[in-house]
Amino acid sequence: DAKTTQPNSMESNEEEPVHLPCNHSTISGTDYIHWYRQLPSQGPEYVIHGLTSNVNNRMASLAIAEDRKSSTLILHRATLRDAAVYYCILRESQRGNMLTFGGGTRLMVKP
Amino acid sequence: DSGVTQTPKHLITATGQRVTLRCSPRSGDLSVYWYQQSLDQGLQFLIQYYNGEERAKGNILERFSAQQFPDLHSELNLSSLELGDSALYFCASSVAPGQAGGTIYFGEGSWLTVV
Numbered sequence: 001d002a003k004t005t006q007p008n009s010m011e012s013n014e015e016e017p018v019h020l021p022c023n024h025s026t027i028s029g030t031d032y033i034h035w036y037r038q039l040p041s042q043g044p045e046y047v048i049h050g051l052t053s054n055v056n057n058r059m060a061s062l063a064i065a066e067d068r069k070s071s072t073l074i075l076h077r078a079t080l081r082d083a084a085v086y087y088c089i090l091r092e093s094q095r096g097n098m099l100t101f102g103g104g105t106r107l108m109v110k111p
Numbered sequence: 001d002s003g004v005t006q007t008p009k010h011l012i013t014a015t016g017q018r019v020t021l022r023c024s025p026r027s028g029d030l031s032v033y034w035y036q037q038s039l040d041q042g043l044q045f046l047i048q049y050y051n052g053e054e055r056a057k058g059n060i061l062e063r064f065s066a067q068q069f070p071d072l073h074s075e076l077n078l079s080s081l082e083l084g085d086s087a088l089y090f091c092a093s094s095v096a097p098g099q100a101g102g103t104i105y106f107g108e109g110s111w112l113t114v115v
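As you go down the protein sequences, you meet chains A and B in turn.
Reminder that position 35 of the first sequence reads as 35 in our numbering, one-by-one numbering, no gaps.
Reminder that position 97 of the second sequence reads as 97 in our numbering, one-by-one numbering, no gaps.
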């Protein structure tokens, strides 16, 4: 299985940018990089995904390394509502496209 | 609101009993996924259905079974319940299973407590 490695936890100050790293050195050419987050007592929520190019949406930006072995989720201005567990996941075409969750990064946002 | 509806939201039952968790996918989604989240195991994939047929199987116990009906809603049946089955059970849906670039939407979960 292609796996991802994320720091267990990170802290950020409110209204500052946050860079959440993810390593996926065994990624294959057809694997998409997905980010989901889970707020307390809620189901996981889609954040962003990409294949090779950097991606932007209203929630965040995704920066993908040229060799695709790592990526970074960027929250441009963290708010208290962004405190959650962030999961970096490789969506594997060969395995039915389900999401395989790892431990994720618990983001704490300080006011 | 993701559009995925799960019932019941909370359920307390005794060991040895059987329960059924229900999921209605987002309108237009043909694929349904079930996940289990416990404190010590994190989010574990259980099973996936697409248009009524089983598509992929994960770490689902033999005491658990699922099905997807013609109207696309799905049920997860948990039998001979044990204390260790206490967990949050999430249902998720997507348009189709063959799109690695597609989005999967999760429901709010059904919280099962076995006493």
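Keep in mind that a hint or two might mislead.
[To be verified] Taking lysine to aspartate or glutamate pairs in the EDC-like style, the calculated list, with each CA pair at most 20 angstroms apart, reads:
hint: 1; chain 1: B; residue 1: Lys-57; chain 2: A; residue 2: Asp-82
hint: 2; chain 1: B; residue 1: Lys-57; chain 2: B; residue 2: Glu-75
hint: 3; chain 1: B; residue 1: Lys-9; chain 2: A; residue 2: Glu-45
hint: 4; chain 1: A; residue 1: Lys-3; chain 2: A; residue 2: Glu-66
hint: 5; chain 1: A; residue 1: Lys-3; chain 2: A; residue 2: Glu-92
hint: 6; chain 1: A; residue 1: Lys-110; chain 2: A; residue 2: Glu-66
[Stated by the list, open to error] Pulled a few chain A residues facing chain B out of the computed Cβ check, cut under 7 angstroms:
hint: 7; residue: Pro-17
hint: 8; residue: Tyr-46
hint: 9; residue: Met-59
hint: 10; residue: Leu-80
FYI, nobody ran anything at the bench for these hints, they're computed from the structure.
From the three backbone atoms N, C-alpha and C, an ideal C-beta is built for every residue, glycine too.
inquiry  = Hint compliance check: list the failing hint numbers for this structure, sorted ascending.
reply    = 1, 6, 7, 9, 10
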